[in-house]
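Each residue of the sequence shown is one higher than the one before, starting from -18 at the first, in this note's numbering.
Hint data in this document are derived by calculation from the structure and do not stem from the laboratory. Because the structure is a prediction, the values reported are computed rather than measured. Heads up, the beta-carbon is just placed ideally off N, CA and C, and yes, glycines get one too. It is possible that some hints are incorrect.
Label pairs and their in silico Cβ distance ranges [claimed, not checked]:
| # | residue 1 | residue 2 | range |
| --- | --- | --- | --- |
| 1 | Thr151 | Phe(-10) | 17 to 25 Å |
| 2 | Glu49 | Gly(-6) | 15 to 23 Å |
| 3 | Met100 | Asp191 | 42 to 50 Å |
| 4 | Leu39 | Leu147 | 15 to 23 Å |
| 5 | Asp191 | Pro44 | 45 to 53 Å |
| 6 | Asp190 | Gln99 | 42 to 50 Å |
| 7 | Leu54 | Arg13 | 18 to 26 Å |
| 8 | Ile124 | Asn158 | 35 to 43 Å |
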Amino acid sequence: MWGLPSSDFVLFGLSLVAIAAQAMTAALAAGRRSMDWVGVCMLSCITALGGGTIRDVLLGHYPLVWVERPWLLGLIVAASLLTIAIARLVHRLNVAFLVLDAIGLVVFTMAGCDVAWQMNASLPIVIVAGMITGCAGGVLRDILCNEVPLLFRSELYASVSVVTGLFYATAFGLKLNAELWTALTFALGISFRLLAIRYKWEMPKFVFDDKK
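Hey, can you work out the whole structure from these sequences and the hints?
Structure representation (structure tokens):
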């Protein structure tokens, strides 16, 4: 989706799902903050497109995806309004939020890696580009909602993005089937993130108490 060839139907389709999913996480977060409908739609656009925009600016990859494909803004607004309509029907909003966020994290990571690879970037830059694309939108969402981002307070998050990116980038060097590897990477990333949530896998924390 983020500059991918249209022949890669698996990642193209997953990217559309991820954009809608990230828009829905933003709408749910906005609802918790009692934002009006305009605020919901704006927050959804920033969340769904923020990571890819930051990556493209840093890599000099133009035009920006939402400038080249303005219909994505319509998709995001539609997903936001749908979330408003069905929010009261979703009894476990927190679970829905985490699953949707996991989808966005994994798919955007793969898309970011793909864009950097197409620009002939080195492997470390490919991984960083994937992590920025996967994580930055959620960070912007949480900051605008005056919350500590999931990236800094929750179970394995950025680590999931890095592992997903490394696994996905393996296909570039080995010339593996793109569609199959995309599906496998998606399954790995989602499973890793949801298992981390289920079993509370976390990175070691730095706790400093200057009173001791």
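Each hint, compared with the structure:
no.: 1; hint: Thr151 x Phe(-10): 17 to 25 Å; verdict: holds (21 Å)
no.: 2; hint: Glu49 x Gly(-6): 15 to 23 Å; verdict: holds (18 Å)
no.: 3; hint: Met100 x Asp191: 42 to 50 Å; verdict: holds (45 Å)
no.: 4; hint: Leu39 x Leu147: 15 to 23 Å; verdict: holds (20 Å)
no.: 5; hint: Asp191 x Pro44: 45 to 53 Å; verdict: holds (49 Å)
no.: 6; hint: Asp190 x Gln99: 42 to 50 Å; verdict: holds (48 Å)
no.: 7; hint: Leu54 x Arg13: 18 to 26 Å; verdict: holds (23 Å)
no.: 8; hint: Ile124 x Asn158: 35 to 43 Å; verdict: holds (39 Å)
No hint from the list above goes unmet by this structure.
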